[in-house]
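Make a model of the complete structure from these sequences and hints.
There are 2 protein chains.
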Amino acid sequence: MEIQDLVQHIRTKKSFLCIGLDPDLDKMPPHLLDLPNPIFEFNKQIIDATHSFCVAYKPNMAFYEAHGLEGHQALIKTIAYLNENYPNHFTIADAKRGDIGNTSKMYAKAFLENMDFDSITVAPYMGIDSVEPFLSIENKHTILLALTSNKGAEEFQLKQMYDKYKQETLHLFEMVIKTSLTWKNADQLMYVVGATQTNHLKAVRKLVPNAFLLVPGVGAQGGSLKEVCEIGMNNRIGLLVNSSRGILYASKGKDFAKAAANQAQLLQKEMAAFL
Amino acid sequence: MEIQDLVQHIRTKKSFLCIGLDPDLDKMPPHLLDLPNPIFEFNKQIIDATHSFCVAYKPNMAFYEAHGLEGHQALIKTIAYLNENYPNHFTIADAKRGDIGNTSKMYAKAFLENMDFDSITVAPYMGIDSVEPFLSIENKHTILLALTSNKGAEEFQLKQMYDKYKQETLHLFEMVIKTSLTWKNADQLMYVVGATQTNHLKAVRKLVPNAFLLVPGVGAQGGSLKEVCEIGMNNRIGLLVNSSRGILYASKGKDFAKAAANQAQLLQKEMAAFL
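Order-wise, the sequence lines are chains A and B.
Quick note: the first sequence uses our numbering, first residue 1, plus one each step.
Quick note: the second sequence uses our numbering, first residue 276, plus one each step.
Rather than coming from a laboratory, the hints here were simulated on the basis of the structure.
Incorrect hints may appear among the rest.
Calculated pairs, EDC-like style, for lysine to aspartate or glutamate (alpha carbon to alpha carbon, straight line, at most 16 Å) [said to hold, decoys possible]:
| hint | chain 1 | residue 1 | chain 2 | residue 2 |
| --- | --- | --- | --- | --- |
| 1 | B | LYS481 | B | GLU505 |
| 2 | A | LYS109 | B | ASP299 |
| 3 | A | LYS254 | A | ASP5 |
| 4 | B | LYS384 | A | GLU70 |
| 5 | A | LYS151 | B | GLU407 |
This is the structure:
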């Protein structure tokens, strides 16, 4: 998907909501568990009920891998369902992969070609040759972990680093962003920046004023949508704000899809006010 | 698996060889491609031919994910085959995962519980709460990326970091190792250190004199087994040296398993000289 199409979609819907598809059998409505493929059935009903209020879906790979072959099947069916029925929605494989070149190439093939996701989240620790294979695929996007929403972000991402060649001191997450701009096809990069990290959002925007940011951590994790918008929004919006649990598990009853839609609509209305 | 059992296995076999199971249909003997499950068949024959010369197997997830459901099936069959027939061999899910706590928990379940791998490789970028869920599973091991063998390792891992609380300057990989020692169940940690990084192996051993290191990069990537052993070996060996392509694709003919065994035996003999 071209970025301009995503921006257009955001303007039309007045929403920059991304819904995380993290299916958890323990939290799902019990009446679905007897169906042949409860995970796909859950996703399908959530997608059908919420698609008017969001512009992106982000299945989290761990929640599928935890269910072995059945989970993998549900993932394949889910992305195929999205691509067939809602091709305007931006899709994100939340996989946080990253490995030596020939291995990253295989991951890129799996997610961006075979399953045809629009994008994938990637971890930066292994550097240039672990990320460029993802960037080499045309019309696809690589969402690099920069500053995550969790507690552990402090341990490394927020440490100061000294670059002796450039004689400058930066936080690790700033060095990651700055370095990533030198990679081939860097214009296909987006960045993960947690909603709990608004203190540092200005620094992120200084480095990448035009890039899209994928922002998790609004809701359950305590981030503020207002702050994210005030500091993070740019002239083409430049934000995808994710919510998972707050939408998916709004109800455990037969009305779960309707309850999810209500939650998504509430967030969409909040977002519309900032557009 | 207990570490002492791995050490015993190494001493008995006079080998600390780990074989990377990275099945690539383009490099495999063509006569296997007509079989119902060529990836599993390839792995099975490689395992049966090489098990006497190695103490560990490391399937690389990307090479299975690139083949969708069929790949996933081959992975499940491969780990089940290893656990059933060669339970003394240490198994490594080379997955390089790492995410917020509830997600890492799902990955830990998938690899260490459901598939019953002995260990998994994990990326450190997201810090403590992204790794501890893996460490919480008893009798399993977490192999943390420290200093990888690829070119991109220079970009972040080898940068200097300043910790203002401790008032000390360290490379990022040293800070990762040092910090990891404060995590719960840190005694279940091992570390990835590339064979191309022997310049820094002394620094690694200073921080973790007793830990096991998983060392890729001997062979195709140019690392020296001699240097790795001289600097990296400790009193319980503490090394698993990986080779993948050099063994798997020694021949593309019907003799591929025999050729792989020959390559594995050559490495085992080299290793025996250092024990």
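Against the structure, the hints:
For the proposed pair LYS481(B) and GLU505(B), the alpha carbon gap of about 14 Å is at most 16 Å, so the pair holds. With a C-alpha separation of about 13 Å, the suggested pair LYS109(A) and ASP299(B) falls inside the 16 Å cut-off, and the hint holds. Note on LYS254(A) and ASP5(A): the hinted pairing is violated, with a Cα-Cα distance of about 35 Å set against a maximum of 16 Å. A distance of roughly 15 Å separates the Cα atoms of LYS384(B) and GLU70(A); the hinted pair therefore holds under the 16 Å criterion.
With a CA separation close to 12 Å, the supplied pair LYS151(A) and GLU407(B) stays within the 16 Å bound.
In terms of the numbered hints stated before, the structure departs from hint 3 and from no other.
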